[in-house]
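Could you build the full structure based on these sequences and the hints that come with them?
Residue numbers (this note's numbering), protein chains in the order written: chain X, 496 to 769; chain B, 9 to 378; chain S, 1394 to 1683.
Everything labelled a hint here was simulated from the structure, so no lab data went into it. A few of these clues could be false.
[Unchecked claim] Straight line, CA to CA, 30 Å or less: simulated DSS-like cross-link-like pairs of lysine-lysine: (1) B:Lys89 x B:Lys321; (2) B:Lys338 x B:Lys144; (3) S:Lys1449 x B:Lys167; (4) B:Lys89 x S:Lys1420; (5) B:Lys338 x B:Lys218; (6) B:Lys89 x B:Lys338; (7) S:Lys1449 x B:Lys321; (8) X:Lys719 x B:Lys218; (9) S:Lys1459 x B:Lys321; (10) S:Lys1670 x S:Lys1420; (11) S:Lys1601 x S:Lys1676; (12) B:Lys321 x B:Lys138; (13) B:Lys89 x B:Lys210; (14) S:Lys1500 x S:Lys1601; (15) B:Lys355 x B:Lys167.
[Claimed, not checked] Far from chain B, by Cβ distances over 10 Å, these chain S residues were calculated: (16) Ile1483; (17) Met1528; (18) Gln1590.
The C-beta atom is built at its ideal place from N, Cα and C for all residues, glycine as well.
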Amino acid sequence: MAKKRHSPLPGFGLTLGFALFYLSVIVLIPLGALALRTSSLGWQEFWRLATTDRAIASYRLTFGASFIAAGINALFGTLLAWVLTRYEFPGRRLLDALVDFPFALPTAVAGLTLADLFEPNGWLGTWLVPLGIHGSYTRLGVILALTFTGLPFVVRTIQPVLENLERELEEAAATLGAGRARTFLTVVAPLMLPSLLTGFALSFGRAIGEYGSVVFISGNLPYKTEIAPYLIVMRLEEYNYGGAMVLAVVLLSISFVLLALINWLERWASRFQR
Amino acid sequence: MYAAWSIFDFPTLATWRELLRRVLCRSGAYREHGPAQVGLLLVLLGWLAGEPAGANEVRLLHVSFDPTRELFADINTAFSKEWFQKTGDTVTIDQSHAGSGKQARAVLDGLQADVVTLALGYDIDVIAAKSRLISKDWQRRLPNNSAPYTSTIVFLVRKGNPRAIRDWVDLIRSDVVVVTPNPRTSGGARWNYLAAWGYALKAYNGDQAKARDFVTSLFRNVPVLDTGARGASITFVLRGIGDVLITWESEAALALREQDSGEFEVVAPVMSILAEPPVSVVDRVTTRRGTREVATAYLDFMYSEAGQEIIVKHHFRPRSVSTIRLHADKFPVIQLFTLEELFGNWKRVQETHFVEDGEFDRLYARSRSD
Amino acid sequence: MAGAPTRKRMARAEKSQRGSEESPLIKWTLILLAVLFCGIFLLLPLVNVFAQAFSKGVEHYWSALKHPESLAAIRLTLLVAVISVPLNVIFGLAAAWAIAKFEFPGKPLLLTLIDLPFSVSPIVAGLIFILLFGMQGYFGEWLIDRNIFIVFALPGIVLATVFITFPFVARELIPLMQAQGSDQEQAALTLGASGWQTFWYVTLPSVKWGLLYGVILCNSRAMGEFGAVSVVSGHIAGKTDTMPLRIEKLYNEYQGAAAFAVASLLALLALLTLFLKAYLEWKQQRNEGS
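Written out as structure tokens, the structure is:
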């Protein structure tokens, strides 16, 4: 209360009140209901439901695949951001626009078309399956779908940093005799790191909750390619509300922690940029 | 190109507001912005806001399981016609199809079904037990255990039957890949599972341990557990996974029909289970909506000669003796055993086999571990 | 797309090279890698949607779209977007005004909470509304006894969609309004404008591109949401099936080409979204430049 600045603008009470009301109705009360219903299970029951073998297998897949996908995205996202900001070449703007495509494409469509591409008689499957690379109905398929949906996050967080990077720094390094690779590693990379981490975390966070694109391509085999959100659906279909709620709470808590981490990273990154 | 730009320049926020005001006042918007844009907007909003339902129309919501989509599409048309001739009222039946367990759950959660037709009695039992939606004696209210049609479980194999699959015993061979959905979620898969279990019981003279080993070996050959019968068909038919699909007789026939290239063959095992998918009116919903009469008539229609004919057309087995006689050639002779004969009742089956850590969970885990 | 207007850029790029540029070999290898990656991973899935949609001919494509259930799905999808996007716009404007123009304790927490739906799994988003409004939930019995249907009906689908698209507009507006400060508004107020006038004639015009940008993203997500909607929909053909659910259903009915036909509409929406987004970015840059 001490910090409240006297702004001459009107409407603070109205807008904040409305925002809080809307936030409560849409987000907080429903999430609160979830927490309340789950808390009635008791701690022991919660722990038992949260750590069934099948649940643990699904966490392992969800987090493992999300981590790998975010890693691939960090790599190719950096490459894309670099190419898009540093070079001029025919089709650059098209490529730039295309990067947002996974973000704009509904996840169900993404899942449908990816599953179709990697099927044994799909466009990519005809080439890859004879080589022993099975994209559909495997863990690889899960990773592919998560990589697809997470790509824009990394590119779009790194791009502005690279655009704003002062070229003089690199020039200075070059003048001082550093090679291009060394300049990149010692000058550019450290400046890029905070936003790279943010992008990684965003992509990872998106991947953890992802559902639509994965269910089409993964085949949803328990213990093998069943992601945690899908297991929630399964629990519901078994009339096991408790199991579904517990998994939801686990996912939600992890999302919340990640979100806090991302916000912290963003603040850290913006401090770097100044 | 012109259109894209003009639409884009058009709704700056000021003009939007202006437009809205004018539309509300029914004044000059039409002249100012041209008939096309305003007209389009109004038509769009009108289309979105309009309700498609007519005036003197009864609507029923029929919640069903996966493999009956095509069947009930036909039944609904025929019933609507009959009902119109009889009463002069138009009845429209809205369909919802998904896995049987999922549908039962949705009805429990408040999906306003007037009629449910699910894959197995247990799913309706659950609705009756966990809520006051359906009377507990639902199964005795209609003939034949409330199941107007039956089916059985057969095998769908690839063209020429390359793995030479003839009967259940072939499914546990190590060179055979089997596709069947998850019995925990799919009603059809429970019938599959019980058919295999029942076959083994009969083959091993009721030895439960040997039957368990048999089913365990079978699931060792199952790489994919889809949630529903339809999903498993997709896995086998469209995705090309597996050598044999264990499925409803009707689903196998449908796969044959849809894939006109003759890529598949149906193999009828010597012995299988008599699957009885039951139907019921949802008492509480029909009472409140005042649809009980038409809902009951709808279920009765399934037992009528006309209904039974449609049932045959979609490869479900009819109940009416005359219809059976008429179409005897359509259904292969399979020695059918019932659930009651080998397993007692659904409640017992559910509690032994399909609860968490029940018989199925344990044998499935065992089939994965080695 | 990269024809004449890029020449000026090229000149600028060349001027700023001065020895901090990779060798052409590395440069073109990197470009090639990027193009290949995007081609295989982004362009191919897109092309595949249309190829599969038309794989059974144009006639089949149209008949798949003209099917009454497909039309109903398109209608429902548009209806849901028409309701949920304006709701989130109003929220976004209110939240951005409060957060950007005023200081108050708890602001970081509020910001985090606004972001929250962004990282909640769509399945969880659907589940929470079942727990609230389902018959086994807190308000279910009470509502159904009064003939109010939330889940498995339009309100539930709208609620789930609003939840999923909750942050889009607000996230776009808050940084924009923060960056612009409140000097202009204060000036307008000093000159005698009322609060609403200030908002309509000063604040809104200055953020309109950002707002539209948020609306476009929000709309694209609202129309394409699958997971959350599938939990609360009830899958009543022709009534509570949105386009993504219709796609799944067609796919499950062995009608791959028809599924892709409906999917192609959503892919077109995605392309339109990309186009508008690029256009808005260009417009915004031009505005900043002038």
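Against the structure, the hints:
1. B:Lys89 x B:Lys321: With a Cα-Cα distance of about 18 Å, the restraint between Lys89 (chain B) and Lys321 (chain B) holds, given a limit of 30 Å.
2. B:Lys338 x B:Lys144: violated (36 Å)
3. S:Lys1449 x B:Lys167: The hint holds at about 24 Å.
4. B:Lys89 x S:Lys1420: Measuring from Cα to Cα gives roughly 71 Å; hence the hint is violated.
5. B:Lys338 x B:Lys218: violated (34 Å)
6. B:Lys89 x B:Lys338: Within the cut-off at roughly 27 Å; holds.
7. S:Lys1449 x B:Lys321: holds (27 Å)
8. X:Lys719 x B:Lys218: holds (28 Å)
9. S:Lys1459 x B:Lys321: holds (27 Å)
10. S:Lys1670 x S:Lys1420: It holds: about 28 Å lies between the C-alpha atoms, which stays within 30 Å.
11. S:Lys1601 x S:Lys1676: It holds: about 11 Å lies between the C-alpha atoms, which stays within 30 Å.
12. B:Lys321 x B:Lys138: Violated. Lys321 (chain B) to Lys138 (chain B) sits at ~35 Å, over the 30 Å cutoff.
13. B:Lys89 x B:Lys210: violated (46 Å)
14. S:Lys1500 x S:Lys1601: Roughly 24 Å between the alpha carbons, so the hint for Lys1500 (chain S) and Lys1601 (chain S) holds.
15. B:Lys355 x B:Lys167: Given pair Lys355 (chain B), Lys167 (chain B) is violated - Cα atoms ~39 Å apart, limit 30 Å.
16. Ile1483: holds (13 Å)
17. Met1528: violated (4 Å)
18. Gln1590: Its Cβ never comes within 10 Å of chain B, the nearest being 13 Å, so this holds.
Against the hints set out earlier in the document, violations occur for numbers 2, 4, 5, 12, 13, 15 and 17.
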